[in-house]
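One line per chain: the protein sequences are S and A, in this order. Quick note on this note's numbering: the first sequence kicks off at 1 and runs consecutively. Quick note on this note's numbering: the second sequence kicks off at 1 and runs consecutively.
What the hints contain is simulated information worked out from the structure, not anything from laboratory work. The model shown is predicted, which means the values in this text are computed figures rather than measured ones. One or more hints might be untrue.
[Stated by the list, open to error] Lysine-lysine pairs mimicking BS3-like chemistry, simulated, CA-CA at most 27 Å apart:
#, chain 1, residue 1, chain 2, residue 2
1, A, Lys272, S, Lys121
2, A, Lys129, A, Lys493
3, A, Lys32, S, Lys121
4, A, Lys129, A, Lys482
5, A, Lys32, A, Lys482
6, A, Lys493, A, Lys482
7, A, Lys129, S, Lys121
8, A, Lys462, A, Lys482
9, A, Lys32, A, Lys272
10, A, Lys272, S, Lys120
11, A, Lys496, A, Lys273
12, S, Lys143, S, Lys121
13, A, Lys493, A, Lys422
14, A, Lys496, A, Lys522
15, S, Lys125, A, Lys129
16, A, Lys462, A, Lys496
17, A, Lys129, A, Lys462
18, S, Lys120, S, Lys20
19, S, Lys120, A, Lys522
20, S, Lys120, S, Lys143
21, S, Lys20, S, Lys125
22, A, Lys32, A, Lys105
23, S, Lys120, A, Lys309
24, S, Lys125, A, Lys493
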Amino acid sequence: MNIGTPVSFSLRATMERDHKLRVLVAKPGLDGHDRGARIIARGFRDAGFEVIYTGVHQTPEQIVSAAIQEDVDLVGLSCLSGAHLYLFSEVVRQLRASGAGPITVIGGGIIPEEDISRLKKAGIKQVFLPGTPIDEIVAWTRKNVRPYNRSSLSGEKAG
Amino acid sequence: MFNENTIADARQGMKKWEAEVTQSAPDLIAKKRLSTISDLLVNPIYTPEDINDLDFDRDIGYPGFFPFTRGCQATGYRGRVWTFRMFSGLGTAEDTNRRWHQLLKEGETGLSTAFDFPTLMGYDSDSPKARAEVGKCGVAIDTLADFEILTQNIPLDRATTSMTINPPASVLWAMYLVAAEKQGVSWKDVGGTIQNDMLKEFIAQKTFMCPPEPSIRLISDTIEFGTQYVPRWNTISISGYHIREAGATAVQELAFTLADGIAYVQDVIERKKLDVDAFAPRLSFFFDSHMDFFEEIAKFRAARRMWAKIMRDRFQAKNPRSWWLRFHTQTAGCSLTHQQPYNNIIRTATEALAAVLGGTQSLHTNSFDEEFALPTEFAATIALRSQQILAEETGVVNTIDPLAGSYYVEALTSRIEDEAWKYIKQIDDMGGMLAAIDQGFPQREIANSAYRFKQQVDNQEKVVVGVNRYVAEEEAPIEILKIDEKVEAEQAKRLKEIKRSRDSREVAQALNDLQAACQSDKNVMPGVIEAVRAYATEQEICDVYREVFGEYRDPGFF
């Protein structure tokens, strides 16, 4: 968060978006297949969430830094190149190492069934495979991800 | 197209038919909204009246004659059946060379290279950006040494090879040319294709490196070089495939692809001062074949007719070969499902049949397991066999453009053409495709179509078997191909050895020369070839491009 921002403005801004879930949709790695990521981003936006989309070709470092800067509740990762095990796990690892608070990470793409449990063990909360209806992903998100209570400035995520 | 009596009869017949079905099946006419997969409305029946505006000689005619609606070659598949060209690449150069020999043994007639993501993006296997991607989505190529292994015992004077490579196309092409040279094959005799189509990367596929303007310059350099020294090479494959896969409709795929083609032709004429007929015969195209059978056939027919008009009327090309739209087709990867994967065999076969009835010159059929990983040899063989069955058992090759004259197919061909012209006009009005991309126009149009289709599937307006209908409760896993994680380390090791054994001064000199060429308006190809010959790595060469031309960042439209 920008340190130079006046507190009153920052407080109002955080209160206004208090109940809106903030989501970062991200494409890690060199894979350019972004149809799914863009559809999910729009689906989340239509569901009333605040959505930030990174665009393609992001390193795990870039994704983690965007997640922290944008103060998101959820990171949705998409990968169709086969590099998901490394890239998704790396995002979770770096996110935790950064001390960024409770940000949920989910993923999707071309992912063999047997990799799903490995991803979950690595801290990916849920994996959605191609063909999953948008409503199902939105419903899962509403149930499992709560907007962080930003009106409390003493919260560990503030500042 | 028809005389007045025929039309009068058709009108009367239609009235009778309508009266009959309105009574017996009112839903059929009044209520049911049926549309193609691209959401073009479809009538329940088509008659001579629907194609009365057409003139047989002007709009349909004969294969081998303007406007080529029925095919470029006068002899169709009787002269030569399409090329069975399976897109293939995995792991190391050795792994891929082995798979290529296997496919050739099984009756494949042309090669097609899938590179891994680091190679596609101009990074070496030891780059931090390549982590976990090496050999995964295709073969890893870092230097000429890898390329020599890739093409080992492949006769480069006879086999034609297509390479799906874009920002680093000049580099991989240079490797091919030097590998051919080392086999004793003259550049005059090598044949193949580099995809080398950057506009569709900004629009859809997103494998980009430098910004649009220098990207186009590099493409024009390769076209010029090919025109002079490698006359049998297709230096560009103007691609609708990825545009479609990103969610475009058939009309958008066609329109944006042809608009890209217009931009390339324009640039070569203006930048290189080449006569259009000197290079236009080597332009090639690449389309998707999706699930809506007749829409795809109509799209292919419309594509040929439109390009012929663009080349003859807009660019004043005189050589009929410049009017030809020759194309490769790939069945739609995005139509495959991981649910009930064996169904994908049927999807692919149907799409392949549409491509053949649309007159494709070359075809890749997807394997049923590609929603999980790269195909196993077993799955790839079934995909190849599907083409062989179409070519040799079904009889569809016996007569040329067999659907010509079908009221529906002709009406749909004209409809798709009309809609595509509207887009091309719109893009012209924006100042051409580069300006349109800059404004995010094609990107947004595609995003809208992709989202609409997803909603149609989610609400069951469009059916995907096994996904939103006939869903299986439980499914047995299928065998899938795993790329050995050791590939990354092996590649890095080989790269290290090459770097140690090569003449580093020679490499530095070649890269300096290339940089100078990039900074001037000299053709980059001679410089790239010298660098490749000195065993400069792909990334070292691409770093020169990145340094001189800068890097493009995804604006992230959604």
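A quick look at each hint next to the structure:
no.	hint	result
1	A:Lys272 to S:Lys121	violated, 57 Å
2	A:Lys129 to A:Lys493	holds, 17 Å
3	A:Lys32 to S:Lys121	violated, 48 Å
4	A:Lys129 to A:Lys482	holds, 21 Å
5	A:Lys32 to A:Lys482	violated, 46 Å
6	A:Lys493 to A:Lys482	holds, 21 Å
7	A:Lys129 to S:Lys121	holds, 24 Å
8	A:Lys462 to A:Lys482	violated, 33 Å
9	A:Lys32 to A:Lys272	violated, 54 Å
10	A:Lys272 to S:Lys120	violated, 55 Å
11	A:Lys496 to A:Lys273	violated, 43 Å
12	S:Lys143 to S:Lys121	holds, 21 Å
13	A:Lys493 to A:Lys422	violated, 53 Å
14	A:Lys496 to A:Lys522	violated, 32 Å
15	S:Lys125 to A:Lys129	holds, 25 Å
16	A:Lys462 to A:Lys496	violated, 52 Å
17	A:Lys129 to A:Lys462	violated, 39 Å
18	S:Lys120 to S:Lys20	holds, 26 Å
19	S:Lys120 to A:Lys522	violated, 53 Å
20	S:Lys120 to S:Lys143	holds, 18 Å
21	S:Lys20 to S:Lys125	holds, 20 Å
22	A:Lys32 to A:Lys105	violated, 50 Å
23	S:Lys120 to A:Lys309	violated, 55 Å
24	S:Lys125 to A:Lys493	violated, 36 Å
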